[in-house]
Amino acid sequence: MNFFLETLIGGLLAGTMYSLVAIGFVLIYKASGVFNFAQGAMLLFAALTFVSLHQQGLPFAVALAITVVVMIIGALLIERLVLRPLVNRSQITLFMATLGLSFIIEGLAQGLMGAQVRALDLGIEDVPLFVGDIMISQFDLVAAGVSAALVTLLALLFNRTRIGLALRAVADDTRAALSLGINLNRIWQVVWAVAGVVGLVAGLLWGARQGVQFSLSLVVLKALPVLIIGGFTSIGGAIVGGLIVGAAENLAEAYIGPLIGGGITPWFAYFLALIFLYIRPAGLFGDRAIERV
Amino acid sequence: MRKTLRRHLLASLFLLGAPTLLPAIAAAADNQQFVPMATYRVGAYASSGIPWWAGEIDYFRYINEVEGGINGVKLTWQECETEWNVDRIVECYERYKNGQDGAPTAFFFTHSTPGSYALMEKGAADRIPLIDGAGGRTESTDGSVFPYAFPLLLNYYGQASVGINYIAEREGGFDKLKGKKIVTVYHDSAYGRETQAPMQLLAQKYGFENIQIPVADPGNEQSAQWRQVRQLKPDWVFLRTWGVSTPVGIKTAARFGIPVDHIIGDVWAGSEADVIPAGTAAKGYQALAPFPGGSDFAIHQRLRQHILDTGKSDLKDPSYFGKVYYNIGLINAAIAVEALRTAQGKFGNRPLNGEEARWGFEHLNIDAARLKAIGFEGLLPPLKLSCSDHEGGGAARVQQWDGEKWVLVTDWVQADRATLRPLIEAKSAAYAKEKGITPRDCASEQ
Amino acid sequence: MTTTAARLTARFDDAPLTLVARHRPLGLALLLLLAFVVLPLLGSDYWLNAILIPFLVLSLAGLGLNLLTGYTGQTSVGAAGFMAVGAFATYGLLLRVPGLPLPLALLGGGLIAGVVGLVFGLPSSRIKGFYLMVTTLAAQFFLEWVFAKFAWFYNYASSGTISAPRLELFGHNLATPVGRYLLTLSCVVVLTWVAVNLVRSQVGRNWMAIRDMDTAAAVIGIQVERYKRLAFAVSAFYLGIAGALWAFAYLGTASAGSFDINRSFQILFIIIIGGMGSIAGNFIGAAFISLTPILLSHAGQWLFNGHVDAGQLQNLQKILFGSLIIWFLIKEPEGLVRLLGNLRERIRVWPLRF
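Chains as they are written, first to last, in full-length UniProt numbering: chain A, 1 to 293; chain B, 1 to 446; chain C, 1 to 354.
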């Protein structure tokens, strides 16, 4: 029983790390209908920029601030050079464009900052805590706390500010929002910038765990099933989806894995997502699309 | 309209016309030996690729500029970027297998186990030796069936055996292995699974419990696996991961309270890139090192004097000088150079083709005196290849991470090659049967 | 929120066909003569092995995906998974059914892939558009895992790799570069011919109706679910054969890793850049995708050899490749095939503008 509980709790906490990555996708998809495959590259770019600056001797806060500025500039450029010319194109074209974008960002990241693996120490002790017999990772607790804070911040941004209101209007009905004079380009800029900053946070936490290197960009593959389960348009869904995937993956590897040879994590999450898709095609919290002839 | 038309025209020209024009660029070259390099300087494995190729290039430059080439034959090389993708390695091989500008290709560094597999038959058909130190296809150790493949130094079976032998040494003898629990955490790929068969064999022989736990690629989240390891309470963990799964594995192990000094990494989980991201969690971690790290070997002094300090090094960041992957490059380059030298002894001091180079590899004999002469004492065990043995050394040292650098903690630990050989021969015989190959008679070739 | 469905206006669907139609008999004969006779005679091993064979196989894979995505409107990012099925199934057939001739094994591999495609196409009855794309992603990861995990598929080789069985046809050895090229070319020509006829048949028209608006298609009496599943199966059949050719005619070996998610993206790139809903577009897209990196690397060596750090040059190439993709997406929403069509029209009336 203890083993079950420990696996469950460990899995739930690990799931928040997935949620962090998933939130970046949700933001962009909600506002512009773009499935941004370059989110992983953005995450890598942000973490690499931060680590490079930090290694140059800049204090933590300064490096963080500069990285945020860099991500905002990046968002402006992406909006101007990639998104605006592609406005009103099909979703798959936009998806492909973000694939091209991920090549560019990866090339830039490695070209500017080198390909070597760097350690990132956020000063969080990664030692086990024991609650009774159950082991909990301190690092995961911190990560969960950060995710919670981030979600609260985003909720405030969307519910309490003008730009948040405009964003929700765009997500709800793009044409109506446009006719009301909402500046769509501005919304996109804001959303991509925010997604860049979320990418930075996710990049730092994942980077602290596995080192800042190219494979950071692969964590997006972990976020996709989370998105399917939670829905592509709901931040709350991303959190819940992350928890479900994390817990299910860990439990499955512990209990089903040994029966069929193990190593099932990469597809198990997708398998779970498929089941959810059958039951709820727009995810747990996603918006249902209504089609008219 | 005009402007777009011109742009479209240009784009189409670029698309259709350019490929036919470009490869025609050439400059004649005599008395040169060509070395194709299927590099990976970008992508997920760039952090290992960059110092690796720098080591090779630096050694070739040293041979060219200080020693005037191999008996006067200068080396020339050309890179093609593969990002460690098999299909692009194949493309690179096809592009350069016939040499360049008249300089022949004598061998091809695959430096990728999947790449070695993909090229196995092409290499044999084109008569180009495929060099993949401490990697490659294990059964190609049997050169009678695989004349053109060289899993040099220490094949995957050997790596498993060296790991077990080292554990026995630490435990105080092979009899102490009885009843011990040894968990192998492996990257769930061809590379990771390659040691399952020898581990099973060794477990039977010594009576330890052999437990295999897979980590799926890329392996950036491993709590499920290490929770399992913690439940098992193993005596030793053999870590056979690759890329990002190594630091994540070490870190997750620490989180679950598994003593890091009882984790033995294998060859490809034992570089700086594997431990630095793990931070303090990696302190005390040990790894097999057929290619030891360190910059105090004799060859490093020579390279420092002639290449590094004169600004001719391929390393952008000189702090990588003497790092594990840099030394991997040096060792591979040196073995290739020695093999060419051996072949020149028979065929004359001229550029060689693949068939001649194979003769050189198969008659390669780097003894202690030669090691000293080329400055590789301590970096390489004495190496003797033959028609039936394309591996040679079969030994590795063990190094330990002290938080700053790798420290060598043992001398060469030999693999139990006699025990593994029947397994290898069974596999190569199966391959020969599948492909309809009649094995060479190695006895008559010596 | 209303999602704009991925669809193309119908009037361009037959553009490449009419393009070919005008000069068809002569042009086609010349092209086939070039491909079957001139290239094998003149092409060096390098050209055949490293450029023409992968180009042809990728074209075929693009064709398979285009039937599903470009003609039926069902986006899939699991193309490589079905290629893997084809490769492993062909290998298994050749290994376990003694005396099976190569063409039948390829056909069998394709059919097995088709069945697997049918199974993974089942969700298409309930799930649409973007979410469907994600189910194909699940197929991709699941299939990759299956072929890495279960040793039976690769005949218990310790490494998980399958290698090409002896390529023979009626006693002729096809293992030479020319042999493998001709094998690939024949498959591609036959399957392209089938595809051209298929998309002009009732089936093809139903597919396009579903693509343009599946609700409307249902209203006029097309069995939407059945035709969607059929599209998945046919597409997987094509991809399966492409996978087998990729493994045995090009690489000579394969493992699950040869058919990873990046291969799926690559094939999706081919159809988007070449032109969705176009047969000729697949060939143009495949040429672009497979030749550009090689071209860039040649150009890089030629322009900067030795002057620029090799690693930086690679990063630069990557950036350039990404930019080219975005540029084409912006400039030509209907793909290169449209661009070339425009160019033809312009040249025809040159020097006049219209």
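Don't read these hints as lab results, they were simulated from the structure. Ideal Cβ positions, reconstructed from N, Cα and C, are used throughout, including at glycine. Take these hints with a grain of salt, some might be off.
[Stated by the list, open to error] Sample of chain B residues facing chain C (criterion: CB under 8 Å; computed from the structure):
#, residue
1, GLU91
2, PRO114
3, ILE258
[Unchecked claim] Below, a list of computed lysine to aspartate or glutamate pairs in the DMTMM-like style, where the Cα atoms sit at most 20 Å apart:
#, chain 1, residue 1, chain 2, residue 2
4, B, LYS233, A, ASP121
5, B, LYS405, A, ASP121
6, B, LYS435, B, GLU121
Checked hints:
1. GLU91: Since the shortest Cβ distance to chain C is 5 Å, the answer is holds.
2. PRO114: OK, holds: PRO114 (chain B) within 8 Å of chain C, min 6 Å.
3. ILE258: violated, 26 Å
4. B:LYS233 with A:ASP121: violated, 29 Å
5. B:LYS405 with A:ASP121: Roughly 18 Å separates the two Cα atoms, so the pair holds.
6. B:LYS435 with B:GLU121: holds, 10 Å
Hint violations for this structure: numbers 3 and 4, all remaining hints satisfied.
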